[in-house]
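All chains, full assembly: derive it from the sequences and hints.
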Amino acid sequence: MEIAVISGKGGTGKSSITAALATLAKSAVLADCDVDAANMHLIMNPDIRESFVYIAGEKAVIDYAKCRSCGLCQDYCRFDAIRFGEGKYEIDEVSCDGCKLCSRICPAGAITMHKNDKSRMHTGIYRYGHMVFGRLEPGEENSGKLVAMVRSKAREMSEKSGINTILIDSPPGIGCAVISSVTGVDRIFIVTEPSLSAFSDLKRTIELIDLLGTRMSVIINKYDLAPHVSDIIEEYCREKGVEISGKLPFDEEFVHSMVQCKSIIETKPDSEAGIVLSEIWKKLLNEKIRKQISTIN
Amino acid sequence: MRIAIASGKGGTGKTLVATNIFYILSERGEKVTLVDCDAEEPNSKAFFNTKEISESQVIQKVPVIDSDICTFCGKCVDYCSYNAIFLLHDRRIVRVMEDLCHGCGACLVACKMGAISEKEVSLGTVSKYSVNSESTIIEGKMRVGAYTPVPVIKASIKKSNNSEIVILDSPPGTSCPFIHTVSSADYILLVTEPTPFGLNDLKLSVEIVRDMRKPFSVIINRAGLGDRGVYNWLETEKIPVSMELPFNRDLAAIYSKGEIVSAVRPDVKNKFEMLTDSVLTIWK
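Protein chains in written order, with my numbering: chain A, 56 to 352; chain B, -7 to 276.
None of these hints come from the bench; they were simulated from the model. None of these values were measured; they are calculated from a predicted model. Heads up, some of the hints might be wrong.
Said to hold, decoys possible - In silico SDA-like pairs for lysine to any residue, Cα to Cα no more than 20 Å straight-line:
#: 1; chain 1: A; residue 1: K258; chain 2: B; residue 2: R135
#: 2; chain 1: B; residue 1: K67; chain 2: A; residue 2: R159
#: 3; chain 1: A; residue 1: K173; chain 2: B; residue 2: R202
#: 4; chain 1: B; residue 1: K249; chain 2: A; residue 2: Y291
#: 5; chain 1: A; residue 1: K155; chain 2: B; residue 2: Y74
#: 6; chain 1: B; residue 1: K111; chain 2: A; residue 2: F134
#: 7; chain 1: B; residue 1: K67; chain 2: A; residue 2: S255
#: 8; chain 1: A; residue 1: K302; chain 2: A; residue 2: I330
#: 9; chain 1: B; residue 1: K249; chain 2: A; residue 2: P282
#: 10; chain 1: A; residue 1: K338; chain 2: A; residue 2: N219
#: 11; chain 1: B; residue 1: K195; chain 2: A; residue 2: E192
#: 12; chain 1: A; residue 1: K258; chain 2: B; residue 2: G137
#: 13; chain 1: A; residue 1: K173; chain 2: B; residue 2: V198
Said to hold, decoys possible - Far from chain A, some chain B residues (derived; all Cβ distances over 12 Å):
#: 14; residue: G21
#: 15; residue: E32
#: 16; residue: G66
#: 17; residue: N75
#: 18; residue: R84
#: 19; residue: C96
#: 20; residue: M105
#: 21; residue: K120
#: 22; residue: R135
#: 23; residue: V136
#: 24; residue: V174
#: 25; residue: Y179
#: 26; residue: D219
#: 27; residue: T228
#: 28; residue: S270
Beta carbons: idealized from backbone N, C-alpha and C, even for Gly.
Structure (structure tokens):
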């Protein structure tokens, strides 16, 4: 069973909650799909077993010994990535999308594509199972593809180890990396917090998951920081028919646990947040059993 | 001058900082524009009373393949770097997967039969709002389901006027959306929190802005939570801290309600006044 923890807004507590769920699962394959800013390894401190190179697209490079400054590449480039400055055409690496078109049409054969090969994927063993995480080299493209690679590695590890539960910590936002993190999963938890910003992000996230049709429910984190806004969010979810799995209070223990490289279930299982998270996990297990029974029937 | 407010980690308080600096400058009657570059999840506008001035679509072209003309040769598939064209030669099936297409136009060049034309799809919108006579907000908003916010971010930044003060509220992360935003800035404020996650993500963002040779400083939000890791690292790296904002429930509650903290709390306003002055001094 693949379970993804997502949130439109960053900083709502996805990783801390995923870490807690991983602890409750007792054994799980953890996939940190926030390849821009992976954090789960800071809590789980895995023993790295394998590292893989990920090719994050390509960038065009001009060979000035061959370039005749005809400007055809600039005419064809749709990403504004070729500029004329200081007497020559130059590639703007930030804007280059790696489509290769300029290298194909250059009549002088002056443009070649260079692979972005600094991104990595690591696998390792942590105290409750296996984990895999990606590290996209800053500025490199195609984070969605690296996420897909992390997920397929997680599935492979799940099959080999016989650990059925795969927990996915997803990046913030609703773009390609998020879509890639949740496509085809069995279950989605959306973590939100009671602020108007997070509420607005939640609406867009629900809209996205509706498009995918995956079963989702919402966890409201830090609900007591603005109980009134929390009520508004609950009301909205009720109207939309989206279940609220649980509400966690703001608890500095989350931060203290993180500082000690632990999850809140390991440091303070009896805290209010710890108890609510345990209930969320129990409910999920029941869902799983019901699903199995209905498949048998 | 363009000031980008950025952070690798989400939820550190980028929008809080961006909206408060904008609030202070617009209160002073400065010509200032706030560009919300978090096109996946834009939020800045909600903190102000605004009037919409204009809205424009951000368009991308995607190919349309005429299967009556197509010979199913597969050259377009070869040229496509994004696996956006699906072709079964023997069964004479060809499909464009619009969600994967980046609109580069390579397939159009590849096809010698003239079977490919293009249509326009929307990637999102760029809207302009006025707050008062001198200050405006530009909001980029990606269409839900679109693959990338980058074209919307670029279009939003393009709409701002370089001659005035422009504040860019950056998307989180360290990949393309973040890079496109900070690469257009003259000065960068990196917002972090004093936790291991905050430190890890701060290191990544610092690596990038150093590579770009951009001047920057760090804002520590939620000071008092967490540990000394961020402080010790900043000291070793000799990176200046331009502001510290303590964590307290009261501030979190004000922000949650969609209010500008500086408008309610004079002590916080004072901090943002000093921050704004120090950033502007660097420029002048």
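For each hint, the structure was consulted:
As the CA atoms of A:K258 and B:R135 are separated by approximately 13 Å, the hinted pair is consistent with the 20 Å bound. With a C-alpha separation of about 12 Å, the suggested pairing of B:K67 with A:R159 holds against the 20 Å cut-off. For the given pair, A:K173 sits about 17 Å from B:R202 by alpha-carbon distance, which is consistent with the 20 Å threshold. A threshold of 20 Å between alpha carbons decides the hint, and for B:K249 with A:Y291 the separation of about 16 Å falls inside it, so the pair holds.
In summary, the hint linking A:K155 to B:Y74 is supported, as the alpha carbons are separated by about 11 Å, within the 20 Å threshold. At roughly 17 Å between alpha-carbon atoms, B:K111 and A:F134 fall within 20 Å of each other, so this suggested pair holds. A hinted pair counts as satisfied when its Cα atoms are at most 20 Å apart, and B:K67 with A:S255 does not qualify at roughly 44 Å. As the CA atoms of A:K302 and A:I330 are separated by approximately 11 Å, the hinted pair is consistent with the 20 Å bound.
With a CA separation close to 10 Å, the supplied pair B:K249 and A:P282 stays within the 20 Å bound. Proposed proximity of A:K338 and A:N219 is supported: the alpha carbons are some 17 Å apart, at most 20 Å. With a C-alpha separation of about 13 Å, the suggested pair B:K195 and A:E192 falls inside the 20 Å cut-off, and the hint holds. With a C-alpha separation of about 13 Å, the suggested pairing of A:K258 with B:G137 holds against the 20 Å cut-off.
Proximity of A:K173 to B:V198 is assessed by CA-CA distance (about 17 Å); at most 20 Å being required, the pair is judged to hold. Consistency note on B:G21: stated as away from chain A, and its beta-carbon is indeed over 12 Å from all of that chain's, at 27 Å minimum. For B:E32, the condition that its CB be more than 12 Å from all CB atoms of chain A is violated, with the nearest at approximately 4 Å. The claim that B:G66 is not at the interface with chain A holds, since no C-beta of that chain comes within 12 Å of its own (minimum 15 Å).
For B:N75, the shortest C-beta to C-beta distance to chain A comes to about 9 Å, within the 12 Å cut-off, and the non-interface label is violated. With a closest Cβ-Cβ approach of about 26 Å to chain A, B:R84 is found to remain outside the 12 Å limit, as its non-interface label requires. The non-interface label for B:C96 is inconsistent with chain A: the shortest C-beta to C-beta separation is roughly 3 Å, within 12 Å. Every Cβ of chain A is farther than 12 Å from the Cβ of B:M105; the closest lies at roughly 17 Å, confirming the non-interface assignment.
Against chain A, the non-interface label of B:K120 holds: every CB pair exceeds 12 Å, the least being about 19 Å. With a least beta-carbon separation of about 10 Å from chain A, B:R135 fails to lie farther than 12 Å from that chain, contradicting its non-interface assignment. Not every CB of chain A is more than 12 Å from the CB of B:V136 (nearest about 5 Å), against its label as outside the interface. Remark: the non-interface label on B:V174 conflicts with the geometry, its nearest Cβ contact in chain A lying 10 Å away (cut-off 12 Å).
Chain A leaves B:Y179 outside its interface by the beta-carbon criterion, the shortest separation being 18 Å against a cut-off of 12 Å. In this structure B:D219 is not separated from chain A by more than 12 Å, as the shortest Cβ-Cβ distance comes to only about 5 Å. No beta-carbon of chain A is positioned within 12 Å of the beta-carbon of B:T228; the least distance is around 19 Å. Every C-beta of chain A lies more than 12 Å from that of B:S270, the closest at about 25 Å, which supports listing it as non-interface.
Hints 7, 15, 17, 19, 22, 23, 24 and 26 from the list above are not met by this structure, while the remaining hints are.
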